[in-house]
Each structure stands twice: as C-alpha cells, then as structure tokens.
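Turn these sequences into a full structure, and let the hints steer you where they fit.
Chains A and B, in that order, are what the protein sequence lines are. In terms of numbering that gives the first Met the number 0, the first sequence opens at residue 0 and continues consecutively. In terms of numbering that gives the first Met the number 0, the second sequence opens at residue 0 and continues consecutively.
To be clear, the hints were calculated from the coordinates, so they are not data collected in a lab. Heads up, none of these hints are tricks.
Per label pair, the in silico range of CB-to-CB distance:
hint: 1; chain 1: A; residue 1: Met89; chain 2: B; residue 2: Gly399; range: 35 to 41 Å
hint: 2; chain 1: A; residue 1: Leu52; chain 2: B; residue 2: Lys336; range: 38 to 44 Å
hint: 3; chain 1: A; residue 1: Arg145; chain 2: B; residue 2: Glu419; range: 41 to 47 Å
hint: 4; chain 1: A; residue 1: Gly142; chain 2: B; residue 2: Gly399; range: 41 to 47 Å
hint: 5; chain 1: B; residue 1: Glu419; chain 2: A; residue 2: Arg24; range: 16 to 22 Å
hint: 6; chain 1: B; residue 1: Asn435; chain 2: A; residue 2: Asn117; range: 44 to 50 Å
hint: 7; chain 1: B; residue 1: Lys336; chain 2: A; residue 2: Glu5; range: 51 to 57 Å
Each computed EDC-like pair below joins lysine to aspartate or glutamate, with the alpha-carbon atoms no more than 20 Å apart:
hint: 8; chain 1: A; residue 1: Lys35; chain 2: B; residue 2: Asp421
hint: 9; chain 1: B; residue 1: Lys290; chain 2: B; residue 2: Asp351
hint: 10; chain 1: B; residue 1: Lys85; chain 2: B; residue 2: Glu35
hint: 11; chain 1: A; residue 1: Lys29; chain 2: B; residue 2: Glu419
hint: 12; chain 1: B; residue 1: Lys370; chain 2: A; residue 2: Glu65
hint: 13; chain 1: A; residue 1: Lys29; chain 2: B; residue 2: Asp421
hint: 14; chain 1: A; residue 1: Lys7; chain 2: B; residue 2: Asp421
hint: 15; chain 1: A; residue 1: Lys35; chain 2: B; residue 2: Glu419
So, partial list: chain B residues that the calculated Cβ filter (under 10 Å) puts toward chain A:
hint: 16; residue: Ser397
hint: 17; residue: Leu401
hint: 18; residue: Asp404
hint: 19; residue: Leu416
hint: 20; residue: Asn418
hint: 21; residue: Ser422
hint: 22; residue: Ile425
hint: 23; residue: Thr441
Quick reminder that beta carbons are idealized off the backbone N, C-alpha and C, glycines included.
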Amino acid sequence: MQKLGEFKLPPFFNYPPYFTLQPVRETREKQVQLWKDLILDVCRNQKIFVISLEEDFPLFSNPSIERSLSHEAKVVFLSALVTDGRAEWMDKGHKKCLILWMRIQDWADYILRFVRENGLEDGVMTVEDIRSGFETRGTELAGIDRGVLMRALKLLEQKGKAVIFKGSSADDEGVKFSA
Amino acid sequence: MTSIPRLPTASLTTSCRPVFFSGEVERYLLPGVDLESDGSDRPTLLLPFQSSLLVITSHRLVFVDEASSSAREIALSAIIHAFPLKKSMSIRSMFASPRVRLQVSISNDGTISEKGTKSSVITLVMRGKNTDPDVFYGKFMEVLRSREWELTASADQGSTGLEGSSSASGVNDLRITMPVVGVSGILRKEQEIWESTDKNLQDAFQDLNALMSKAKEMVQLAEKMRQKLLTTGSNSQGSSNDEEMGSKQDMQDWLLSVGIASPVTKETAGALYHQQLSRQLADFVKTPLEKAGGMITLVDVYCLFNRARGTELISPEDLLQACALWEKFDVPVMMRKFDSGVKVIQNKSHSDDEVFARISSLAQKPDALRKGVSPSDAAFTLGIAPALAKEHLLSAESRGLLCRDVSAEGLRFYINLFNEIDSANIYTIKSHGLLNAWHLATTVSG
Chain A
0 MQKLGEFKLP PFFNYPPYFT LQPVRETREK QVQLWKDLIL DVCRNQKIFV
50 ISLEEDFPLF SNPSIERSLS HEAKVVFLSA LVTDGRAEWM DKGHKKCLIL
100 WMRIQDWADY ILRFVRENGL EDGVMTVEDI RSGFETRGTE LAGIDRGVLM
150 RALKLLEQKG KAVIFKGSSA DDEGVKFSA
Chain B
0 MTSIPRLPTA SLTTSCRPVF FSGEVERYLL PGVDLESDGS DRPTLLLPFQ
50 SSLLVITSHR LVFVDEASSS AREIALSAII HAFPLKKSMS IRSMFASPRV
100 RLQVSISNDG TISEKGTKSS VITLVMRGKN TDPDVFYGKF MEVLRSREWE
150 LTASADQGST GLEGSSSASG VNDLRITMPV VGVSGILRKE QEIWESTDKN
200 LQDAFQDLNA LMSKAKEMVQ LAEKMRQKLL TTGSNSQGSS NDEEMGSKQD
250 MQDWLLSVGI ASPVTKETAG ALYHQQLSRQ LADFVKTPLE KAGGMITLVD
300 VYCLFNRARG TELISPEDLL QACALWEKFD VPVMMRKFDS GVKVIQNKSH
350 SDDEVFARIS SLAQKPDALR KGVSPSDAAF TLGIAPALAK EHLLSAESRG
400 LLCRDVSAEG LRFYINLFNE IDSANIYTIK SHGLLNAWHL ATTVSG
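The structure is reproduced here in structure tokens:
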C-alpha cells in the first residue's frame with residue numbers, strides 16, 4: 000500500500016486513468032468525487048491548509064505508475080471543492096487554494112467546544128497561543144492556519160461568544176471568550 | 000392468332016442492378032418505359048409491371064422494376080429489326096409518349112428469343128419525363144449495330160494470345176517447363192505474352208471508342224493474369240524470394256481491384272446517375288466490407304471504388320450523395336458517422352454490442368489490466384484497421400465501458416473501474432469482481 004507521509008493511499012491511486020481527466024460526464028463525476036474526498040482527507044491528515052499550483056503537491060503525482068495530474072485537472076478538482084464550499088481561491092489567478100477540510104463554521108464550533116471542555120471561558124488567550132500554545136497541543140487547533148483561525152474567531156465574535164482585541168505586544172491579538 | 004410474347008426473367012443483385020454476364024457492358028439507361036404488343040386497338044402489356052427502368056447493355060434490353068425487385072429481358076440478338084421513329088406532326092402525336100417499334104423473333108413456346116421460328120412486333124413506350132426519343136434511338140441503334148454479343152461468342156473460342164495459357168493445359172505446361180527451363184523459361188514466355196499484350200494496349204489507346212470496347216477485354220486480361228499469378232505462386236518449388244513474392248502479391252491485389260467493366264456514368268444513366276451509382280456502390284462495397292471485418296472508412300471506399308472504375312471517376316460529393324441515397328433503397332449497407340466526424344460504411348447487420356463485448360473482454364485480460372489497450376492493440380485483436388479500432392474504443396468510452404489514460408506513451412484505454420469503487424469504502428476491495436481482478440493483476444509484479 001502506498002503512503003503519503005503517514006497517510007495510507009487508496010488502491011485506485013495506482014489506476015492510471017485516475018490521473019487523466021475523463022471526458023465522459025458520468026465517469027468524470029465519479030472521478031471528481033474521488034479526488035475531492037482524497038484531497039480533503041490528505042489535507043486533514045497532514046494539516047495542509049494551502050495548495051499552491053505553482054509548487055509540486057505530492058498527492059498530485061504517482062511516480063510508481065509514472066502519472067501526474069495536468070494543470071487543467073488540478074484546477075478542475077480544486078474548483079469543484081470551491082463550489083462545494085470546502086476550498087477558496089486565494090488569488091484572482093487561481094494559483095493558490097485554501098483548503099477548508101474543516102469549514103470555518105466547524106472551526107468556530109470546535110474552538111467553542113475546546114474552550115468549554117477546558118474551562119477557558121472568561122479567560123484570555125492570545126491568537127498565537129491558540130495556534131501553538133501548550134493547551135492546544137494534540138488538538139486540531141495545533142498548527143491551524145492563522146487566517147482560518149482569525150475568520151473562525153471573528154465568526155464567534157459576531158455571535159457574541161468572543162471578543163478580539165489588540166494585545167500587549169504590537170503584533171499579536173488576544174481573545175476573550177464568554178460562556 | 001398470335002399469342003402474347005413472353006419475356007424471360009432477368010437476375011438482379013440485392014441492390015436491384017442487373018447481373019451482368021462476362022463481357023457484357025451497360026450502355027444506356029431510360030426510366031419510365033412500358034412494353035406493349037403491337038397491332039390491336041387495345042395494346043396488351045408485355046411486362047408484369049409498369050413504368051420500368053430500361054437498361055440497355057451490349058447484349059440485352061433489361062426492364063427493371065425496383066418496386067418488386069424483379070426484371071425481364073430481351074436479348075439483342077432476338078431483335079430482327081427496329082423500325083425508324085415516326086416523324087408525324089399531328090397534334091395527337093406531339094402529346095403522346097414517343098414509341099419505338101421492334102420486330103422480335105419468337106420461339107415455339109412464345110418466348111422472345113434468338114432462334115425463334117416466328118416473329119412479332121412489340122412497342123417500346125417511353126413515358127418518362129424529359130425523354131428525348133432521338134437520343135435514345137441513336138444510342139439504341141448504335142448498340143444494335145455493334146453486335147457485341149457476337150464478338151464475345153467468338154472471343155471465347157480463343158483469339159487472343161493469352162487464351163492458350165488460361166486453360167488447364169496451360170497450367171500443365173507451366174508445371175512441366177518449370178523444372179526443366181527454370182525462371183528464365185518463365186520470363187521468356189512472359190515476355191512473349193507481354194509483347195502481344197503491349198500491342199493490344201497500344202491499339203486500344205489509339206481510339207477512345209475502341210478503348211471502351213477494349214475495356215471489357217482489359218478486364219478479362221487482368222483476370223487471366225491474376226489466375227496465372229495464382230497458379231504460378233502455388234506451383235513454385237520454394238524458389239521465389241521474398242521480393243518476388245511481395246511484388247506478386249501487389250500485382251494480385253491490384254488486379255483484384257480492377258473489377259468493374261461497366262461503370263455507371265453520367266452519360267449512360269442521365270438523370271438516374273445518382274440512383275444507379277448508389278446501387279452499383281452498394282454492390283461493389285460488399286467484398287471490401289467482408290475483407291475489412293464489417294466496417295470500412297468512407298475515404299477507403301472512395302479510393303477502392305474509383306480504382307475499380309478506372310475511368311469516369313466519381314467525385315467525393317457523388318460518393319456522399321450515393322451513400323445518402325441508400326436510406327431510400329432496401330440495401331444491406333449503410334453509412335454511419337462517428338462522434339469524431341469519421342464516416343464509415345458498415346453492414347446493416349453490424350452489431351455494436353458485439354464489438355463492445357469483445358472490447359470489454361480484451362480490456363479485462365491481465366496484460367490489459369496492467370498496461371491498458373492502445374488503438375493498435377485493439378486493431379490487432381479485432382482484426383480491423385487502427386483508425387476504426389480507435390473509433391470503437393472511443394464509443395466504448397462514451398458508453399462508460401472504458402476510461403482513457405493519457406501519458407507519454409500516448410492514448411490508452413482501461414476497463415472502467417470508477418464504477419466499481421465505493422466512495423464510502425475506498426480501501427476495501429471485494430473479493431470477487433473487477434476491482435479485485437485489477438488489484439491482483441497489478442500487484443503481482445510488485
């Protein structure tokens with residue numbers, strides 16, 4: 000079984016047509032579905048938040064069968080994720096794609112749950128703490144993309160569950176959660 | 000009391016074209032013809048159908064009824080006399096259909112045939128629109144006067160130099176002389192034959208009219224040469240080298256393609272050109288279709304057909320129109336256009352499903368599971384041209400049977416596994432089934 004880091008790749012990863020954009024509609028739909036799921040699974044497993052089309056993304060090629068996705072194919076699959084609301088293009092030229100293997104709303108829920116489970120309501124944390132601090136080690140929040148985190152926090156702020164403010168040091172912000 | 004003359008039946012091909020005898024050439028076509036017995040006030044119809052297509056050949060008058068796929072004939076040799084056209088200026092005659100009266104010989108049982116003891120007068124009535132009786136009469140008299148049926152009869156007795164070697168004794172001659180004289184003996188004999196053939200050809204080219212009458216002789220020549228090639232090839236004691244055999248094969252194929260001595264031309268068929276061409280094409284295409292496995296590209300048909308015609312080549316538009324007309328007739332062939340735009344001719348009985356079944360089983364063989372199927376692989380297995388094999392693979396792909404794989408090695412096709420994969424269980428492979436077969440075939444090699 001092939002692996003990408005710790006991630007176990009499915010058997011069809013070795014099926015050459017998987018890497019050629021299929022022209023027949025029904026077949027294409029199935030192919031797109033499989034790629035969407037695989038991209039999300041890999042990104043979740045490896046905590047990848049951004050896929051850049053200008054760099055090689057290991058998932059997009061399989062050296063053992065000497066096949067890799069064409070640029071057009073990559074755009075098709077990522078665009079499909081964007082349509083599903085599971086990804087966002089970060090630039091007009093569609094060169095960088097933000098992968099939301101958890102939706103912003105889901106992140107907000109996750110943060111809230113984490114806060115409650117750890118009794119951190121009415122406490123204050125810096126954004127950086129949330130990202131790389133001791134408390135979040137071993138959770139999904141460890142290593143979260145800063146942009147994604149900010150959006151989730153802002154969502155919580157809108158719901159009145161948190162307040163974001165400028166911190167003591169110039170380049171960090173703090174969050175106060177409320178129950 | 001004369002009984003009504005009867006006409007013998009004539010054979011037709013499946014496309015309602017007359018079956019020609021050896022040496023018989025089509026000369027003129029006229030639609031809308033009736034045949035009546037002459038004399039009494041109420042003329043009797045001599046044909047069991049009305050408004051037939053009259054095909055004048057070098058040997059016969061054939062009356063074809065396409066509606067009933069039947070035909071009757073009158074041998075030209077049975078025509079004793081053709082009365083000149085009446086040139087009366089009465090008003091009645093201006094509106095009446097032109098008529099040609101013929102005196103024909105009748106045998107004892109009442110059939111119109113050559114060596115009859117009695118005779119009768121019959122009338123050819125031309126009811127077709129735009130029929131010019133003078134043109135028709137002129138052509139008809141020309142054909143009658145040339146009496147080609149007599150030429151063919153005498154030619155069969157052996158007037159040309161080749162005749163001697165086409166009979167069984169000729170074959171024996173070769174067999175005897177070969178071990179004695181060897182290749183140079185054959186070459187000398189060939190030389191003599193070619194010299195007389197050469198003179199034959201020179202005479203033919205002097206005069207185009209003479210060429211047309213030589214046309215059927217040329218076809219006979221070609222056929223004889225082909226026969227000789229066949230016997231020479233099978234009798235050789237393994238002495239021929241590859242080059243010789245190769246050029247013999249080329250010669251053979253070339254001769255095979257010289258098949259049509261009686262091309263339907265705009266001149267002979269007039270307004271019926273496309274219809275008759277269409278029918279002749281349907282007849283012609285049968286043999287190449289069989290050889291090619293049931294399907295052949297339109298381009299190939301264009302080349303083959305024109306090559307067989309020799310002169311009076313048809314244009315691509317003519318070919319397209321001829322194929323399009325097949326829809327109107329009951330012929331066993333049809334034209335078909337693939338999604339890619341490639342046009343082919345196939346037998347109506349051709350089954351797509353059968354081809355798909357064969358492709359599907361080809362794609363499931365272990366080699367194909369590992370490396371896929373290329374158009375040339377499919378061409379080899381299915382026994383058809385690579386271009387057509389590709390069309391079939393593309394059709395199978397659009398049906399969801401196959402998937403494509405584009406790589407540095409080109410375009411290849413694999414059996415479609417996407418349908419076998421369960422999105423919810425992408426790691427499981429059921430123990431029986433296509434996915435398992437693929438998995439086994441591809442992991443054995445590591």
